[in-house]
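Each chain, written out:
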Amino acid sequence: AQTVTQSQPEMSVQEAETVTLSCTYDTSESDYYLFWYKQPPSRQMILVIRQEAYKQQNATENRFSVNFQKAAKSFSLKISDSQLGDAAMYFCAYRRINIGNSGYALNFGKGTSLLVTP
Amino acid sequence: EADIYQTPRYLVIGTGKKITLECSQTMGHDKMYWYQQDPGMELHLIHYSYGVNSTEKGDLSSESTVSRIRTEHFPLTLESARPSHTSQYLCASSVSGTLGGYTFGSGTRLTVV
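Protein chains in written order, with my numbering: chain A, 253 to 370; chain B, 270 to 382.
If you are wondering where the hints come from, they were derived from the structure by calculation, not from laboratory data.
Bear in mind the structure is a predicted one, so any value in this text is a computation, not a measurement.
Yeah, the Cβ is synthetic: ideal placement off N, Cα and C, and Gly gets one too.
Do not take every clue at face value.
[As the list claims (entries may be wrong)] Listed below are the simulated DMTMM-like cross-link pairs for lysine to aspartate or glutamate, each with C-alpha atoms no more than 20 Å apart in a straight line:
no.: 1; chain 1: B; residue 1: K326; chain 2: B; residue 2: E311
no.: 2; chain 1: A; residue 1: K330; chain 2: A; residue 2: E304
no.: 3; chain 1: A; residue 1: K362; chain 2: A; residue 2: D338
no.: 4; chain 1: A; residue 1: K362; chain 2: B; residue 2: D307
no.: 5; chain 1: A; residue 1: K362; chain 2: B; residue 2: E311
no.: 6; chain 1: A; residue 1: K362; chain 2: B; residue 2: D328
[What the hints assert, rightly or not] Where chain A lies over chain B, by a calculated footprint (3+ residues, C-beta under 8 Å):
no.: 7; segment: 310-320
no.: 8; segment: 370-376
Model the full structure from these sequences, guided by the hints.
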């Protein structure tokens, strides 16, 4: 099974500043999908951003962007102009391209807890 | 509004009881999943279904069972709850043939005493 590693259990950022959350993964496949999910305390997990591995261009969604380094198997999330509402647990996830029905399952990292200070 | 619903939100139950965690989605998604999220917050896939009457076990061994009789409904059952089953259980769904991401439910936090 593909493994996803988030080496930062906790991160802290001041409001309006920029923070980068790290994620690396291990795979022998050439094409796959990568995701960042946000889980606020006691609330629903939501999708932040996604990247298709065959696309070289880094995905961007408003204040959220990724730095996708395919050769290094690295997929970091940058949050610009951090807001108090960004405080949450962030999960990096990997998904295979559809190879049988099991290929739809996401493999998650252990998560990074982001604290945003005023 | 299309969404995925889990009930109950919180459950405290005694050892040996049978419990069913409910999960329903209104989006017509064919794929559904159950993840167990431990106190360290890591998520482990315990069951998935790719359609009606099809279920598979995930990467993490679990004593729970699931059923998928209707597209929208994917309940998880524990025949005899034990303290080791204490965890948060997240249900999710996705659509075939797209760059899915999942849609997640709000989770059921189960405590077995």
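Comparing the hints with the structure gives:
1. B:K326 to B:E311: Holds, at roughly 18 Å.
2. A:K330 to A:E304: 17 Å, holds
3. A:K362 to A:D338: 18 Å, holds
4. A:K362 to B:D307: Holds, at roughly 10 Å.
5. A:K362 to B:E311: 4 Å, holds
6. A:K362 to B:D328: 15 Å, holds
7. 310-320: As far as the segment 310-320 of chain B goes, the hint holds, because 6 residues have Cβ atoms under 8 Å from chain A.
8. 370-376: Coverage by chain A holds here, the residue count being 6 at a Cβ distance below 8 Å.
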